[in-house]
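Asks: Work out the full structure: start from the sequences and follow the hints.
Protein chains in written order, with UniProt numbering: chain A, 1 to 323; chain B, 1 to 323; chain C, 1 to 323; chain D, 1 to 323.
Careful, some of the hints might be misleading.
No copy is singled out in the list; a pair is fine if it fits within one copy or between any two copies.
Keeping only pairs whose Cα atoms sit at most 27 Å apart, straight-line, the calculated BS3-like set for lysine-lysine is [to be verified]: (1) Lys283 / Lys316; (2) Lys294 / Lys306; (3) Lys307 / Lys2; (4) Lys3 / Lys319; (5) Lys2 / Lys316; (6) Lys2 / Lys319; (7) Lys307 / Lys80; (8) Lys319 / Lys294; (9) Lys3 / Lys316; (10) Lys308 / Lys294; (11) Lys307 / Lys294; (12) Lys319 / Lys308.
For the record, the hints were derived by calculation from the structure and aren't laboratory data. Please read these numbers as outputs of a predicted model, since none were measured by experiment.
Residues per chain are reported as follows:
Number of protein chains: 4
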Amino acid sequence: MKKIAVFTSGGDAPGMNACVRAVVRTALYHGIEVVGIRRGYRGMIDGDFVPMTSYSVSNIIGQGGTILKSARCDEFRDIKWRKVAYDNCVKEGIEGLVAIGGNGTFTGAELLMENFGIPTIGCPGTIDNDLYGTDYTIGFDTAVNTALDAIDKIRDTASSHDRVFFVEVMGRDAGFIAMQCGIGGGAEKILVPENPDSIDDVIATLKSGGENEKPSHIVVVAEGEEIGNAHFIAQKAKEALPNLDIRVSNLGHIQRGGSPSAIDRIIASRMGIAAVEGLLEGKNNVMSGIIDDKIVYTSFNDAINKKKALDVDLIKMVKILNS
Amino acid sequence: MKKIAVFTSGGDAPGMNACVRAVVRTALYHGIEVVGIRRGYRGMIDGDFVPMTSYSVSNIIGQGGTILKSARCDEFRDIKWRKVAYDNCVKEGIEGLVAIGGNGTFTGAELLMENFGIPTIGCPGTIDNDLYGTDYTIGFDTAVNTALDAIDKIRDTASSHDRVFFVEVMGRDAGFIAMQCGIGGGAEKILVPENPDSIDDVIATLKSGGENEKPSHIVVVAEGEEIGNAHFIAQKAKEALPNLDIRVSNLGHIQRGGSPSAIDRIIASRMGIAAVEGLLEGKNNVMSGIIDDKIVYTSFNDAINKKKALDVDLIKMVKILNS
Amino acid sequence: MKKIAVFTSGGDAPGMNACVRAVVRTALYHGIEVVGIRRGYRGMIDGDFVPMTSYSVSNIIGQGGTILKSARCDEFRDIKWRKVAYDNCVKEGIEGLVAIGGNGTFTGAELLMENFGIPTIGCPGTIDNDLYGTDYTIGFDTAVNTALDAIDKIRDTASSHDRVFFVEVMGRDAGFIAMQCGIGGGAEKILVPENPDSIDDVIATLKSGGENEKPSHIVVVAEGEEIGNAHFIAQKAKEALPNLDIRVSNLGHIQRGGSPSAIDRIIASRMGIAAVEGLLEGKNNVMSGIIDDKIVYTSFNDAINKKKALDVDLIKMVKILNS
Amino acid sequence: MKKIAVFTSGGDAPGMNACVRAVVRTALYHGIEVVGIRRGYRGMIDGDFVPMTSYSVSNIIGQGGTILKSARCDEFRDIKWRKVAYDNCVKEGIEGLVAIGGNGTFTGAELLMENFGIPTIGCPGTIDNDLYGTDYTIGFDTAVNTALDAIDKIRDTASSHDRVFFVEVMGRDAGFIAMQCGIGGGAEKILVPENPDSIDDVIATLKSGGENEKPSHIVVVAEGEEIGNAHFIAQKAKEALPNLDIRVSNLGHIQRGGSPSAIDRIIASRMGIAAVEGLLEGKNNVMSGIIDDKIVYTSFNDAINKKKALDVDLIKMVKILNS
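Replies: Here it is as structure tokens:
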């Protein structure tokens with residue numbers, strides 16, 4: 001293998017740059033050329049390639065976002081456009097790909113392999129931590145700490161005013177972010193899609209707390225929660241408990257940005273190195289993840305289709321920690 | 001004067017604790033007893049007084065929120081309840097008050113003086129910076145930096161995806177927070193109530209930017225903006241510019257919390273000292289503010305009724321800085 | 001078991017308070033009384049016990065330091081004083097202990113058990129991460145992120161002036177902090193006690209870097225590094241490479257403080273719960289750690305005497321990532 | 001004026017990039033070309049010029065350090081080398097300069113004007129805040145907040161162990177940083193060059209505190225303090241008060257780095273705009289500062305030679321706030 005390409009795709013996540021840096025430097029270390037593809041599959045179709053040097057990734061390990069940019073690309077579902085993308089890769093001399101992203105990213109890579117035989121290794125880049133085959137995804141720890149910092153701030157004002165706050169966090173249909181920042185933030189209740197809860201449960205918790213001396217409460221709601229989003233649940237709670245001063249805060253896109261945490265920089269670096277080394281060893285159609293602190297390659301098929309379980313025992317913790 | 005009381009009232013702001021600490025320590029330094037009143041006027045009516053010692057304010061200078069808590073108290077508008085509050089103060093031996101808060105707080109103190117003659121000095125505690133008689137209010141600098149940090153994070157993801165973000169910040173009907181964090185965050189446009197802007201202006205700015213190579217944009221919207229809130233304006237922009245990827249983030253209550261910045265701790269300390277020393281010098285019905293780095297006492301009447309001007313020349317800066 | 005005690009001992013670490021909170025709330029959840037012992041073994045000898053309620057640990061999950069304080073206590077090595085401590089515990093009705101700390105803390109607990117039969121379970125609280133029987137110790141992740149943040153700041157000025165910085169970080173005789181913040185901070189070289197390096201190696205690395213266009217460099221030095229501390233090594237490097245602008249920064253005690261990270265709050269909570277539940281199940285003389293994300297109890301003997309290996313393969317990463 | 005140059009010189013300071021951005025964008029706004037000179041006077045001698053576009057300063061407003069780099073340049077004291085520098089400027093078509101830096105920077109500019117008549121306007125870029133003619137220098141507020149954050153962390157561990165910490169902060173021979181972060185950090189004593197203090201004073205303060213229940217103490221020492229540095233003073237205190245557990249932390253170069261605070265970004269932007277507009281109005285040999293929130297131009301001569309007074313009344317505050 002003489003030349004590879006690296007790109008980021010899907011929602012951006014802190015640590016993607018650290019991963020790009022690791023891919024570039026590892027390739028150069030092994031004497032392989034690297035190009036970056038801007039805006040993921042969009043750039044592959046447009047032929048938006050940039051040569052990467054050691055210098056071009058210098059001082060990016062701590063930068064949020066992705067210097068290679070990311071974009072949606074619906075056209076890539078059409079084999080006609082995948083052909084265009086593939087032809088651009090061939091023209092550029094690209095013999096292997098490192099794809100940093102999530103489910104959609106890996107699905108695209110699988111199709112590209114199936115259709116045209118270009119090998120790809122993926123690195124799990126998403127704040128949601130919802131990929132099977134790795135304990136942590138790149139960006140998750142940073143997003144959790146960003147949300148936690150926000151919850152700490154909200155608790156300041158909640159305590160000062162004896163208020164109840166429903167805080168909505170990201171995570172698509174997974175409760176990983178909600179669970180971590182909820183436990184870390186001392187939330188009185190954490191609502192995640194993986195654990196059936198009813199509005200009555202929520203109201204009962206707030207009610208029992210409200211009988212003590214006017215307490216503050218934090219309820220963390222995962223965005224994919226089935227019984228509704230934070231505004232909806234808060235509205236129901238207000239109706240049932242008119243004496244409580246109930247507010248809502250949707251943390252939103254701040255959770256995607258910021259300088260990556262130590263863990264995100266380190267796992268991004270390790271996964272990036274493993275991706276390039278995997279390509280050199282002939283691996284293909286797999287994601288480089290970390291399980292029990294060891295690099296593990298998981299097929300894209302499993303990474304996409306198998307369900308990563310949230311440890312709902314953690315919910316028991318919440319009950320104990322609020323006794 | 002042998003005994004005074006201190007309380008916080010209205011929306012909480014980072015630095016209120018630093019101010020409480022300064023009031024308590026200054027009183028003790030001058031040989032005066034101090035009690036804290038919990039939950040502002042609510043606690044004055046309820047007789048919720050706590051004796052304050054040097055130790056009870058130790059290590060709070062860096063804490064967000066207010067250890068004395070805050071609350072709304074509609075009853076205080078009724079002289080009957082003010083009488084109850086006053087009687088409680090007399091029973092406790094309180095001869096003067098330090099009120100940390102904003103407009104509503106000072107209005108209450110004025111009435112208390114008018115009705116019963118108990119002297120109050122105010123300290124401007126509000127993140128909004130909308131009080132006449134002081135360059136900065138306690139909490140403003142922290143809120144601006146919190147909002148700025150959020151905007152920096154949002155820019156990471158905006159840049160990665162070439163998106164436009166409408167970011168709504170606090171400030172009630174004043175644009176101080178929006179202006180500071182907008183300039184500091186490199187916003188392409190800042191919408192404040194003090195400066196008439198139309199949706200067409202916003203669209204024109206985004207359009208001219210959008211014609212360059214798919215740029216990201218940040219538009220900061222003050223919550224009191226007359227043409228509508230961030231969601232409303234974003235909706236209009238989406239209709240007019242369907243090719244742009246437009247998102248909204250409402251920063252919400254995180255702006256009220258967090259450990260106060262250096263400036264907020266220092267001005268809170270200075271204003272707290274000045275409030276107690278003002279009481280000792282016989283001052284009354286005034287707010288201790290800082291203008292041009294000097295302590296200035298302004299009558300509650302002026303502080304409440306005069307309009308503090310936002311320097312709209314700063315808006316010209318935005319235009320220059322985005323050229 | 002009707003009553004237990006909890007204490008913190010040895011060097012303080014961020015997350016100790018989260019652990020104290022978990023111990024207290026778990027005990028209360030199981031209907032057990034809890035007292036806190038102030039200043040570890042010192043307080044046990046002095047009988048400095050404070051009853052703990054759910055309220056007394058409220059809002060401490062995010063606080064640095066330890067509300068129970070910590071202290072050295074050389075007297076505890078003498079059985080005479082351990083007898084005094086034990087008698088105080090008996091008088092207080094304490095039937096079990098949770099000890100949050102490191103090696104020295106667990107050694108004391110072992111002796112107490114051996115002499116008087118009072119059961120203890122330990123929680124690994126130290127920023128150094130040098131305890132066998134757990135992947136992470138409480139405080140480690142926070143200390144790493146604090147050091148990383150400092151390195152990021154130092155890199156700003158190093159880059160601006162083309163300087164080389166030797167940054168000394170904590171870790172006693174272990175290189176865990178150095179390795180994590182070195183990789184996360186993009187350090188060009190990381191010196192840890194576990195990996196023999198010579199001053200010549202350091203000079204060779206700096207020399208090869210210095211031949212490129214006046215670069216900046218970060219060299220992270222663990223405090224226990226055998227070839228000498230950061231000042232000593234920097235001095236040698238200056239002598240060998242007089243053209244480089246070499247500076248030293250010893251990060252010092254900032255690494256012990258600050259609000260704990262999400263991971264530290266969560267592992268502290270999990271370990272604290274496990275400690276109390278372990279006591280209830282009759283466990284004794286063991287530390288509750290987390291290995292591969294599962295609670296594991298390790299005998300104090302092993303935790304103290306077995307050597308936790310630093311993955312020196314990570315050092316290879318440094319070489320690759322700087323190519 | 002058709003073309004100007006901008007450079008940074010002397011010690012780097014957070015916000016220098018925000019100032020560079022403002023200079024570049026303001027020049028372009030007025031139809032003037034801009035080049036950046038890398039490494040200050042060093043680059044002027046070497047002819048190290050880079051053309052600046054609006055894009056080349058995009059997303060740097062929040063970056064620490066200086067993208068134009070900085071360096072010492074002793075040769076510039078020699079008119080022979082200043083001639084070389086001047087000739088390079090002429091060759092490049094540069095008709096005016098914006099110099100971001102401190103005393104040394106402005107001295108160089110004065111000489112360049114005197115010898116060859118090239119006009120310069122300065123922007124005060126130094127964390128030390130020791131320049132006459134401006135209330136704040138660029139980088140000061142960020143450095144204070146960085147030092148304050150470190151002091152908060154140190155207090156966590158000081159409180160946990162009842163320790164006394166001597167914390168040394170930057171500021172050369174001025175006590176501005178020490179004073180601000182000392183008051184903000186609740187320091188029990190602040191030693192600044194502007195206020196004569198003796199070691200006996202320090203010992204007396206620690207002694208009176210030490211008689212209360214084993215308290216923690218923070219003493220902030222400005223690096224230029226005449227009675228000696230933090231290590232020296234701490235050593236004397238240890239000898240006099242052997243029962244206290246006294247430690248030293250020298251915060252060092254972290255104070256120079258990091259993303260600039262809101263205030264630093266805003267004043268840097270305002271001063272940068274004012275520098276370019278000043279050049280266009282024919283101003284010369286002056287520094288653009290901000291006094292009482294208004295742009296004021298001060299001659300280099302005054303900025304360099306007049307002494308900016310530290311408000312030593314603030315020291316009285318420290319005494320009151322620790323009562």
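Asks: Are the hints correct? Go through all of them and say.
Replies: Tested hints:
1. Lys283 / Lys316: For Lys283 and Lys316, the Cα distance is within 27 Å only across copies (21 Å; inside one copy 41 Å).
2. Lys294 / Lys306: Both: 20 Å inside a copy, 22 Å across copies.
3. Lys307 / Lys2: Cα proximity of Lys307 and Lys2: none, with 36 Å in one copy and 43 Å across.
4. Lys3 / Lys319: For Lys3 and Lys319, the Cα distance is within 27 Å only across copies (21 Å; inside one copy 53 Å).
5. Lys2 / Lys316: between (52 Å within a copy, 22 Å between copies)
6. Lys2 / Lys319: between (56 Å within a copy, 21 Å between copies)
7. Lys307 / Lys80: neither (31 Å within a copy, 58 Å between copies)
8. Lys319 / Lys294: between (32 Å within a copy, 19 Å between copies)
9. Lys3 / Lys316: Intra 50 Å, inter 23 Å, cutoff 27 Å: inter-copy only.
10. Lys308 / Lys294: So Lys308 and Lys294 pass the 27 Å test inside a copy (17 Å) and across (16 Å) alike.
11. Lys307 / Lys294: This pair counts as both: shortest intra-copy Cα distance 20 Å, inter-copy 20 Å.
12. Lys319 / Lys308: Close inside one copy (23 Å), not across copies (34 Å); limit 27 Å.
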